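Novice: Residues per chain, in single letters:
2 protein chains.
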Amino acid sequence: MTDQLSRAFAALADPTRRDLVARLAADGDATPGELGAPYAMSLQAVSKHLKVLEEAGLVSRSVDGRRRPVRLEAGVLDLMTAWIERYRRETEERYARLDTLLAAMPAAQPTQEESAS
Amino acid sequence: MTDQLSRAFAALADPTRRDLVARLAADGDATPGELGAPYAMSLQAVSKHLKVLEEAGLVSRSVDGRRRPVRLEAGVLDLMTAWIERYRRETEERYARLDTLLAAMPAAQPTQEESAS
DNA sequence: CTGACGTTCAACCAAGGGGTTGACAATTGC
DNA sequence: GCAATTGTCAACCCCTTGGTTGAACGTCAG
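Line by line, the protein sequences give chains A and B. With full-length UniProt numbering, letter number 74 in the first sequence gets 74, and the count goes up by one each step, no holes. With full-length UniProt numbering, letter number 14 in the second sequence gets 14, and the count goes up by one each step, no holes.
Hints in this document: simulated from the structure, not taken from any laboratory. Any given hint could be a false lead.
[Said to hold, decoys possible] Label-pair restraints from in silico Cβ distances:
1. A:Ala40 x B:Glu55: 21 to 29 Å
2. B:Arg71 x A:Ala40: 17 to 25 Å
3. B:Glu73 x A:Thr16: 24 to 32 Å
4. A:Met41 x B:Thr31: 24 to 32 Å
5. A:Arg97 x B:Glu93: 36 to 44 Å
6. B:Gly33 x A:Gly65: 53 to 61 Å
7. A:Arg97 x B:Ala103: 45 to 53 Å
8. B:Arg66 x A:Ser60: 48 to 56 Å
9. A:Ala104 x B:Arg86: 33 to 41 Å
10. B:Arg71 x A:Gly65: 37 to 45 Å
11. A:Glu54 x B:Gly65: 43 to 51 Å
12. A:Ala96 x B:Ala22: 26 to 34 Å
13. A:Ser62 x B:Val63: 25 to 33 Å
[To be verified] Chain B stretches covered by chain A per the calculated footprint, using a threshold of three residues with CB under 8 Å from any CB of chain A:
14. 9-20
15. 24-31
16. 35-45
17. 52-62
[As the list claims (entries may be wrong)] Chain B is faced by these chain A residues, among others (derived, beta-carbon under 10 Å):
18. Val21
19. Ala25
20. Leu72
21. Met80
22. Glu92
These figures come from a predicted structure and were not determined experimentally. Here a beta-carbon is modelled for each residue, glycine too, at the ideal position from N, C-alpha and C.
Can you build the whole structure from these sequences, using the hints too?
Specialist: So this is what it looks like as structure tokens:
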């Protein structure tokens, strides 16, 4: 599970981390303290979640005095949609081909049900 | 980790399972045996992977004699892209707004260093 | 200087994940 | 009927993960 895509999918598999991403997208940069406030969870736990997101490339942390503002990085999100959409499209194309094939058949050989004209 | 989106992301966090999805998308339905052949891994392990994909709603298994053909279900992929794209778009819109804001400013007020007093 | 603040690091724990092997169930072919 | 084929279930092992607490670090305010 060392590749970027695996880390990204794993990162978003956690509801808390998805919520963090959602809030960063909606409200913009925020500090761990601000981000963790809504959760019934220690700040250390939030820090760990942010680390996971960072190692997945979904988030970057800078240093500003004693604060570490967190920023959402959209790049990896693109990678993910690219992956998903590729195979979703392939599937749909295969189905489409299969449909035309079935439609072109001589209205016989029903696999489960028939619908010829 | 009980919700569908969490299960789906977790399912695709594993390279083997992503490969299974990729091959199902490219080649269409296949049996566990066929799917597992390329991997240096027991058939039981493949079966587990397929179960994870099934519980995520990414795949369905039917029964045909002693075979259990596996089919890729594209629906959940849509859910995932919908989630990701929403926040990617929000992020980009926020950046765009920020850019116009900065561009509209009177070319002063440096954020990191200052010399005015 | 000192103390409060914001954050991370380290050690620990319970639970889950990915793999194994062994046993079992169901279907097919001879 | 019997044996081979196809696949799942169950128990187990090891490593990772999400959470905890306690300590430490750097920074800002008085």
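Novice: Does the hinted range 26 to 34 Å hold for alanine 96 of chain A and alanine 22 of chain B at CB?
Specialist: Since the Cβ atoms of alanine 96 of chain A and alanine 22 of chain B sit about 19 Å apart, the hinted range of 26 to 34 Å is violated.
Novice: Do three or more residues of the segment 52-62 of chain B come closer than 8 Å to chain A, measuring C-beta to C-beta?
Specialist: Contact hint for the segment 52-62 of chain B vs chain A: violated, 0 residues under 8 Å.
Novice: That 24 to 32 Å hint for methionine 41 of chain A and threonine 31 of chain B (C-beta), does it hold up?
Specialist: violated (44 Å)
Novice: Could you check the hint for me, namely that glutamate 73 of chain B and threonine 16 of chain A are 24 to 32 Å apart, CB to CB?
Specialist: At roughly 27 Å between Cβ atoms, threonine 16 of chain A and glutamate 73 of chain B fall inside 24 to 32 Å, so the hint holds.
Novice: Falls inside 21 to 29 Å, the C-beta gap from alanine 40 of chain A to glutamate 55 of chain B?
Specialist: holds (27 Å)
Novice: Can you take a look at whether the segment 35-45 of chain B is actually covered by chain A? Rule is 3+ residues, C-beta closer than 8 Å.
Specialist: Check failed, 0 qualifying residues.
Novice: Do serine 62 of chain A and valine 63 of chain B keep their Cβ atoms within the hinted range of 25 to 33 Å?
Specialist: violated (55 Å)
Novice: If you check the beta carbons of glutamate 54 of chain A and glycine 65 of chain B, does the distance land in 43 to 51 Å?
Specialist: holds (50 Å)
Novice: Should the hint that arginine 71 of chain B and glycine 65 of chain A are 37 to 45 Å apart at their CB atoms be regarded as holding?
Specialist: violated (55 Å)
Novice: Using the C-beta atoms of glycine 33 of chain B and glycine 65 of chain A, is the stated range 53 to 61 Å upheld?
Specialist: Between glycine 33 of chain B and glycine 65 of chain A, where Cβ atoms are some 60 Å apart, the hint holds.
Novice: Can methionine 80 of chain A be said to touch chain B, with a Cβ gap under 10 Å?
Specialist: OK, holds: methionine 80 of chain A within 10 Å of chain B, min 5 Å.
Novice: For the segment 9-20 of chain B, do at least 3 residues have a Cβ located nearer than 8 Å to some Cβ of chain A?
Specialist: holds (count 7)
Of the numbered hints given earlier, the model fails hints 2, 4, 10, 12, 13, 16, 17; all others are met.
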